[in-house]
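Visitor: Here is what each chain is made of, one letter per residue.
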Amino acid sequence: MRKGQIFFIIAIVVITLLILLKISLSLTSILENKRFLESGLEIMEFQNVKGETIRTIGISYNLTQNITQNILDFTKFSRGYFDSRTMSYQGILVLSQFPTVSSGANTNMNVTVFNALGTNLQNLNVSFSYDGSSNNVTGVGDLSTISKTFVFNTASTVNYSLIVFYKTAELNSTENITIPVEIGKSKYIGFFDLKLTSDRLSQRDKFARAITLS
Amino acid sequence: MKGLLKTFEAIMAILAILIIFVIFFLSSQSLPEFETVNMRVRGFQALKLLDDNGELRKFVITNDTVTIKNKLSQILSPSTNFDVNICQLNCTSLGIQADKLTTVSYLIAGDYNNFALRQIILYMW
Chain A
1 MRKGQIFFII
11 AIVVITLLIL
21 LKISLSLTSI
31 LENKRFLESG
41 LEIMEFQNVK
51 GETIRTIGIS
61 YNLTQNITQN
71 ILDFTKFSRG
81 YFDSRTMSYQ
91 GILVLSQFPT
101 VSSGANTNMN
111 VTVFNALGTN
121 LQNLNVSFSY
131 DGSSNNVTGV
141 GDLSTISKTF
151 VFNTASTVNY
161 SLIVFYKTAE
171 LNSTENITIP
181 VEIGKSKYIG
191 FFDLKLTSDR
201 LSQRDKFARA
211 ITLS
Chain B
215 MKGLLKTFEA
225 IMAILAILII
235 FVIFFLSSQS
245 LPEFETVNMR
255 VRGFQALKLL
265 DDNGELRKFV
275 ITNDTVTIKN
285 KLSQILSPST
295 NFDVNICQLN
305 CTSLGIQADK
315 LTTVSYLIAG
325 DYNNFALRQI
335 ILYMW
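Just so you know, the protein sequences line up as chains A and B, in that order.
In terms of this note's numbering, the first sequence opens at residue 1 and continues consecutively.
In terms of this note's numbering, the second sequence opens at residue 215 and continues consecutively.
Just chain A, with the same shape it has in the complex (with noise of 0.2 Å):
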């Protein structure tokens, strides 16, 4: 073999090293990695709001203010600082509270079902398991409230059906949300459907808590 050809053979072997090392630093692979980064980032806010959503329930718990404002003016909060950073966080809440139970006696149970899913519902229905009764709206715009007393009366331990039915322009939805009722205790329940969408991910949570208020 001449001098020469042994320089090809050289330069063949440096361009393929050189080749390979420019896959391995593949600008796609790398966009993917910090993508990856910003995702988890924004799962952790996600997780910080939810967190503090559930957490406004303990935190109003001996307070005279109202639990159910709290979560609803806390939501607002969060709506507004993920605008202010051109992602989306939508969700819709049902809140419901009952004062302490008596045995045999009627109970008056509260229940404000929030939209935040950023349009209309055109059709909003609550029904209660206990006797059928149940409350039609249309027409809930965003960022809006619906209550509605129901009543009850047990003399024992009782899980009741709390049937939340929604229209919106894209989609039907039926939530059926437990009521664990017990004779002397005050209880507060709380469901909630959470969507934080950004131009990278989109992240939704559904989740109920009852906590025991006394």
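Everything labelled a hint here was simulated from the structure, so no lab data went into it.
One should not assume that every hint holds.
[To be verified] Sample of chain A residues facing chain B (criterion: CB under 7 Å; computed from the structure):
#, residue
1, F8
2, A11
3, K22
4, L37
5, E52
6, F74
7, F77
8, G80
As the structure is a computational prediction, the values presented were derived from the model and not from experiment.
Even glycine gets a Cβ: it sits at the ideal position worked out from N, Cα and C.
With chain A's structure known, arrange chain B on it following the hints.
Guide: Structure of chain B alone, referenced to chain A:
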């Protein structure tokens, strides 16, 4: 004549490597900035750690940014410059002028028996 040919072949080999290098590595695409996103993740984790340890919200409610900064300085890297702003939604800028300035926010709804909507903005550079 033989020596000249060898020199020519060597030059050709070098040129081939240079051309490949220019085509693959000197393109106009710039690599994305990783430092700021990493800083934001670390900043958020630091705020969450303080909160999980019960060392954040009581100082946020009293607007005690000095204590929060002292606690953050024990968590964040010494090479990270940072400042803290506590506000609600309409927050005034701290007017920091720095390259690679980035921020991350943490929301709280208050502390036990004290409902208070606050945003903690951590500036890092």
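Visitor: Against each hint, give a clear statement of whether it holds in the structure.
Guide: Here's how the hints hold up against the structure:
Nearest Cβ of chain B to the Cβ of F8 (chain A): about 5 Å, under the 7 Å cut. The hint holds. Contact between A11 (chain A) and chain B, as hinted, is supported at the beta carbon level, the nearest pair being about 4 Å apart and thus within 7 Å. Given the 7 Å rule on beta carbons, the hint for K22 (chain A) holds: about 4 Å separates it from the nearest Cβ of chain B. About 5 Å separates the beta-carbon of L37 (chain A) from the nearest beta-carbon of chain B, less than 7 Å, and the hint is met.
Of the supplied interface hints, the one on E52 (chain A) holds, with its beta-carbon coming within about 4 Å of a beta-carbon of chain B, less than 7 Å. Interface restraint check for F74 (chain A): the shortest CB-CB distance to chain B comes to about 5 Å, inside 7 Å, so the restraint holds. Among the interface hints, the one on F77 (chain A) holds; its C-beta lies about 5 Å from the nearest C-beta in chain B, closer than the 7 Å criterion. Look at G80 (chain A): its Cβ gets to within about 5 Å of chain B, closer than 7 Å, so that hint holds up.
Of the numbered hints stated above, none is contradicted by the structure.
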